[in-house]
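Now for the letters of each chain:
Number of protein chains: 2
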Amino acid sequence: MELGVKEYEKRLKKYIKLDIEEVKDEPLPKRLSREEILKHQRTEEKKIWEKTDKNAHIIGLDLAGKQYSSEGLAKKIQEFENSGISKLNFVIGGTLGFSAEFKESAHMLISLSKLTFPHQIVRLLLLEQLFRAYKINRNEPYHT
Amino acid sequence: MELGVKEYEKRLKKYIKLDIEEVKDEPLPKRLSREEILKHQRTEEKKIWEKTDKNAHIIGLDLAGKQYSSEGLAKKIQEFENSGISKLNFVIGGTLGFSAEFKESAHMLISLSKLTFPHQIVRLLLLEQLFRAYKINRNEPYHT
Numbered sequence: 001m002e003l004g005v006k007e008y009e010k011r012l013k014k015y016i017k018l019d020i021e022e023v024k025d026e027p028l029p030k031r032l033s034r035e036e037i038l039k040h041q042r043t044e045e046k047k048i049w050e051k052t053d054k055n056a057h058i059i060g061l062d063l064a065g066k067q068y069s070s071e072g073l074a075k076k077i078q079e080f081e082n083s084g085i086s087k088l089n090f091v092i093g094g095t096l097g098f099s100a101e102f103k104e105s106a107h108m109l110i111s112l113s114k115l116t117f118p119h120q121i122v123r124l125l126l127l128e129q130l131f132r133a134y135k136i137n138r139n140e141p142y143h144t
Numbered sequence: 001m002e003l004g005v006k007e008y009e010k011r012l013k014k015y016i017k018l019d020i021e022e023v024k025d026e027p028l029p030k031r032l033s034r035e036e037i038l039k040h041q042r043t044e045e046k047k048i049w050e051k052t053d054k055n056a057h058i059i060g061l062d063l064a065g066k067q068y069s070s071e072g073l074a075k076k077i078q079e080f081e082n083s084g085i086s087k088l089n090f091v092i093g094g095t096l097g098f099s100a101e102f103k104e105s106a107h108m109l110i111s112l113s114k115l116t117f118p119h120q121i122v123r124l125l126l127l128e129q130l131f132r133a134y135k136i137n138r139n140e141p142y143h144t
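Residue numbers (this note's numbering), protein chains in the order written: chain A, 1 to 144; chain B, 1 to 144.
No false leads were slipped in.
Note that identical chains are pooled: a pair holds if it fits in a single copy or bridges any two copies.
In silico EDC-like links for lysine to aspartate or glutamate, alpha-carbon gap of 16 Å or less:
no., residue 1, residue 2
1, Lys-114, Glu-71
2, Lys-114, Asp-62
3, Lys-51, Asp-19
4, Lys-135, Glu-71
5, Lys-54, Asp-19
6, Lys-47, Asp-25
Hint data in this document are derived by calculation from the structure and do not stem from the laboratory. Computed from a prediction, not measured in an experiment: that's the story for all the values here.
Please work from the sequences and hints to get the whole structure.
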């Protein structure tokens with residue numbers, strides 16, 4: 001069985017209401033000056049921000065974010081539930097990562113790895129870990 | 001395009017000779033005593049060790065291993081090449097991780113994430129990062 005995004009979407013939907021929004025990549029200029037990088041980032045983040053649920057707890061996935069173990073992440077999600085935070089909006093950044101402004105606006109930054117992965121793989125990792133977290137929090141066995 | 005294991009296998013084979021070996025999962029007893037865990041681990045590791053290339057540099061993927069950035073991992077692989085280490089054997093552990101003995105036998109332990117992922121996803125992450133590392137070391141642009 002291919003353990004892809006579709007599979008974990010299906011599995012997670014047993015536990016939560018899941019919406020996945022995608023913004024179109026901004027074309028990245030070949031040679032980047034600092035101004036061009038910031039401009040590109042702002043354009044991309046504006047589109048991301050428009051899709052972000054302002055009523056949700058916004059969690060940015062960022063290399064500089066906090067690293068959790070699977071059990072730690074599950075516990076964190078349980079804490080959110082316990083304190084009445086029912087909507088989580090995870091944001092995967094663009095090619096250049098988040099601007100300082102975006103990081104300030106997010107409620108929390110987490111890091112899945114020190115390594116950089118394509119955003120499709122980051123999405124897969126996030127979905128699998130959320131699925132695992134709900135399994136852990138319900139004391140259900142996890143079979144891959 | 002589905003960025004799966006097959007895709008990265010194909011891409012990596014442009015750069016290196018790649019062999020993937022898999023050992024069959026040992027059935028895990030329902031209730032585990034410490035002795036049963038160690039027994040299970042030993043049986044699994046024996047099978048893994050049989051498939052391990054003793055002439056290769058053995059790198060175990062372990063939660064307790066060293067974390068690298070993508071650039072850091074690329075640099076490490078370059079260092080191996082520069083010092084004449086041409087064969088790398090990455091080992092993804094079983095359900096229970098590696099025994100102390102296995103960790104001692106490996107030349108190096110690296111950690112892709114503090115999170116626990118199914119081994120199929122770990123394989124995907126490893127292949128993608130190796131592909132990325134060869135791209136970085138050749139100064140080639142990386143398009144996902």
